[in-house]
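There are 4 protein chains.
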Amino acid sequence: MRNIKTDLAVEAHEYYVGDGNNLPDGIEHKTEDYDDVKVTVVDVTNENGKRAIGKSIGTYITIEAKTLKHLTDYERENIEDIFGQKLRKLLEEKGVGGGDTVLVAGLGNNSITPDALGPQTVEKLDVTRHIMEYMPDAVIDGTRPVCAIAPGVLGNTGIETIEIIKGVVEKIKPAAVIAIDALASRSTARVGTTIQISDTGIEPGAGVGNRRKGITEETLDIPVIAVGVPTVIDAATIADDAVEQVISAIKKEGKTEYFSRFDDDERYKMIRSAMDETANMMVTPKEVDTIITDVSAVLASGINKGLHD
Amino acid sequence: MRNIKTDLAVEAHEYYVGDGNNLPDGIEHKTEDYDDVKVTVVDVTNENGKRAIGKSIGTYITIEAKTLKHLTDYERENIEDIFGQKLRKLLEEKGVGGGDTVLVAGLGNNSITPDALGPQTVEKLDVTRHIMEYMPDAVIDGTRPVCAIAPGVLGNTGIETIEIIKGVVEKIKPAAVIAIDALASRSTARVGTTIQISDTGIEPGAGVGNRRKGITEETLDIPVIAVGVPTVIDAATIADDAVEQVISAIKKEGKTEYFSRFDDDERYKMIRSAMDETANMMVTPKEVDTIITDVSAVLASGINKGLHD
Amino acid sequence: MRNIKTDLAVEAHEYYVGDGNNLPDGIEHKTEDYDDVKVTVVDVTNENGKRAIGKSIGTYITIEAKTLKHLTDYERENIEDIFGQKLRKLLEEKGVGGGDTVLVAGLGNNSITPDALGPQTVEKLDVTRHIMEYMPDAVIDGTRPVCAIAPGVLGNTGIETIEIIKGVVEKIKPAAVIAIDALASRSTARVGTTIQISDTGIEPGAGVGNRRKGITEETLDIPVIAVGVPTVIDAATIADDAVEQVISAIKKEGKTEYFSRFDDDERYKMIRSAMDETANMMVTPKEVDTIITDVSAVLASGINKGLHD
Amino acid sequence: MRNIKTDLAVEAHEYYVGDGNNLPDGIEHKTEDYDDVKVTVVDVTNENGKRAIGKSIGTYITIEAKTLKHLTDYERENIEDIFGQKLRKLLEEKGVGGGDTVLVAGLGNNSITPDALGPQTVEKLDVTRHIMEYMPDAVIDGTRPVCAIAPGVLGNTGIETIEIIKGVVEKIKPAAVIAIDALASRSTARVGTTIQISDTGIEPGAGVGNRRKGITEETLDIPVIAVGVPTVIDAATIADDAVEQVISAIKKEGKTEYFSRFDDDERYKMIRSAMDETANMMVTPKEVDTIITDVSAVLASGINKGLHD
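Protein chains in written order, with the working numbering: chain A, -4 to 304; chain B, -4 to 304; chain C, -4 to 304; chain D, -4 to 304.
Each hint should be verified, as a subset may be incorrect.
No copy is singled out in the list; a pair is fine if it fits within one copy or between any two copies.
Unchecked claim - The list that follows gives simulated cross-link-like pairs (lysine-lysine, DSSO-like), each with its CA atoms no further than 27 Å apart:
1. 25 to 0
2. 119 to 64
3. 25 to 89
4. 281 to 208
5. 33 to 0
6. 119 to 61
7. 33 to 119
8. 0 to 300
9. 161 to 33
Just so you know, these hints were derived from the structure itself, not from any lab.
Pulled out of the complex, with its shape left as it was, chain A reads as follows (with noise of 0.2 Å):
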């Protein structure tokens, strides 16, 4: 396959099936239409399916709205029901039940604009876990105990994101826990309009900020729920685009000989070496700003409904 650099299961879907490949045995693929979003749901059943699209065993749910900023109420509210319903279903495939305790874990690094989507998220969140254990007459029925951390990153806290979270999570036991974090994705077209959610929790590496060690049901002992939406593209992604498409207008001349040796791989490594010195900068939008504001605060309602009843 061909080495992309993209947090979204469904972009490394795409990107393995216009390649020409067929859909392997080991991936399926569906998608549903609600109103102006699109829900896509991919799922990885084997290696061979990891193998194909370079994603983990599990179920990716995308949701895809035009925008998920200076929304109307209505559509706003739509991306969210969605959203929470979505969430709930995964919880609820994992054994989670409507009563059991969640954790939120707002990763990254909240004075980088686009990595503080999950410390924005949980501080707009509901929590109630304190509330429901000191005056549990002052809330409504349906009422779930959800707590939140936001752990901070390695290179500002000197501990592993993991460590914080598996300390906090020993201490309170949760049933589950759900973790946010911004993404990077292949599309322009994809930043600050797609949710992804899936049962896979967060692997290492991914991420804005490079995560350096999964957190995982593996390295948790229950369920990790992760929920991400990408505020970043790769600057590679940018400069490969650009590559491809004077290749193939010069393709198009019809001489063809010497790009044979270019498989599109070799292509994307050459141009990783060559900006080895832009290793540091990060491609926004100019909005990134509003884009984080906003989309934080879709997150923590669509959470807060799908949490409790």
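Since chain A is already given, all that's left is putting chains B, C and D on it; use the hints.
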């Protein structure tokens, strides 16, 4: 004693003595001068001292500068040096050696400006634990493993701060915790100018945000050094000062029979209850944003100096 | 009259009447109810009224909601609608028609949270003047040319706010200015809950940051509508309330001879001078950051509704 | 010449010469060294020079440090001193004397992080004009009247930036304007490390936010000194570099007949059009928040040094 609301032992002591009391058994008090910086050490040595000034048994070191913002390079370095030395000395007296891991906890709510001192300080701190673990050759001699968290506040996390810290402490096993917190003082002159370091940890109910459960050696099983700077004053304090002013003006007229009934404590309670409405109000300097920015930089830099050789 | 510090005409009126005075010639007062929203109109019609409540001749419309933050969509729209209609009506009464250009000025210091209401409101406002100029076909009918500035404060610019606004007004020649400003109120209950609209402009010395020179029809030669929401209360207010409480408790004992000398105004002055030290302090709700965020959104949206069809 | 997108004259010159061109009539170029700081002066002296490197006639002084963030006190002072001296010299060459009023304009959008350099700089600047006017005895000799505005951006104000500045200039009649702006560079190494000072003012279309109309001596009738630091690089730049890399790899194979048709300019245009989708994207360092904080402090302090004795 008078019921005064201050997180500073030096103020509690001042008021005790100012009320005409002699220094009781159980309180020791001494001062040192360093250029424009005054250092006061109040030792509460027994239960009698604790009752007298309402502060736990332990050592309280107060560093008073003319200001902690808009400092010249020289003034800033002087204060950071003094603060770093005092901090190191307290740690050593608690048996924490130069190579031992220290966890710095920045308490408070990062989105309420005057309560953000702790989170802002840890954001500016040099953390080294992960570098010493993954790239031991990259650190110079005399560096100590330092790590840091900003655990957030109960209202935003649904988890007692002590639970988060204890979870992390059990996971990474530091030798001591340094807890940074915004304080309330009685005097407007001490807001943003005074650093208090103590070996007592953080008592329940202290701090701007009213930490609910203690973060102390008793709850964590390792030494806890508390570091704080006043960033607010109590609204009732302002009212109480005004009432005292008016009453003493009346007393000067020579008619005191109606005031014998009002002792200071009764008066404060009366005012407090009259002020229920302002319970959610805080009194801060207008330039509180700048104070937090500048003071957190001084604290972070002083801690760096105190922890590494 | 009592020397009370409030930017709200409705409070000045309340205190005047509360002191046992009859409504004087020169003050008209009426109220309207819209669901949970109460609208009060105070008209100061002559110099006598001005002296009585200490407010310039003109109309003061006060919209009091239970809160302006964390509103449901319905409540928010209701308040925005009422605010927009009242604003439009005041403009029309001043002869400003539907197609006339309006300049919105967001007064205050964007980096002092409670003073940032003006700058935050203009940031969220829809501006249309440049679109109507460069792409007239892109705007729908009923749109009016709206432009906006955040002129900053004297201490940061070295320029009187009126000079900046006058410079811009002479350049772009709007038909009216709407000046948004954070206010001080007497009652904590009105902080973040009450919108005042008036056709008097901004008088010297009003507002959190003490605007030094008036921004009025007199200085700008075009109508100036002032819009404000209380975000702070005066520290002296808190003290004064407490003193009043204590004195009335004493008075209840039946011995009043010593208080005949203290009229309210004298008392306030005495407290004020006793509070010189707190001159630079402000009293705000703890959640003032959220209030500014939410209230500025309500103001921006209400102005949008009031200015366009 | 190659169509390169950079706001730095020093880069435009480098690319011109790097393409194998000799220095044309109309361009003068010299360098100076101060410790770790390199100063380059590019003079564009006539229309021929202007055409060659695509920069207006005038003097461009570039101060290149290894970094402008996390500086030691010594490094920071060195850079501020050099910057201050160069700024003062340019002003003097334009006939602006030590006592003349200077207006500093911080261009850009304060809520888009990499575009906030101008507004953040003026916020940190010492302004003196109002003190010299109202309290002339309070200032020390050698102080000059300095004032400052952050006019915002067309999309937020509905007013061309030049209109706001011109309005204020006509009101307060300064002798010169210093306009601070965030720049785009071609090289990632110059982001956050290079200060450009020029006597040309700000040309239309320059800057991160694409200022639409010039802020120049021609439009304001007084000298305009432009000060800028690159905070972003052009997304097309990254793509173009990658394509160049690939093409030269192919060329090394010895088959060049297909590339004779592609001159550099054509290639850049092709890429640009292929990148329409990324038009709204920007490429910034991950730590852009810190860069803006630190660089704006250096600029403010250097301007203070340059403007007062």
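Results of checking the hints against the structure:
{"no.": "1", "hint": "25 to 0", "result": "within (23 Å within a copy, 44 Å between copies)"}
{"no.": "2", "hint": "119 to 64", "result": "both (16 Å within a copy, 13 Å between copies)"}
{"no.": "3", "hint": "25 to 89", "result": "within (21 Å within a copy, 61 Å between copies)"}
{"no.": "4", "hint": "281 to 208", "result": "between (30 Å within a copy, 21 Å between copies)"}
{"no.": "5", "hint": "33 to 0", "result": "within (23 Å within a copy, 38 Å between copies)"}
{"no.": "6", "hint": "119 to 61", "result": "both (23 Å within a copy, 21 Å between copies)"}
{"no.": "7", "hint": "33 to 119", "result": "within (25 Å within a copy, 30 Å between copies)"}
{"no.": "8", "hint": "0 to 300", "result": "neither (32 Å within a copy, 41 Å between copies)"}
{"no.": "9", "hint": "161 to 33", "result": "neither (35 Å within a copy, 44 Å between copies)"}
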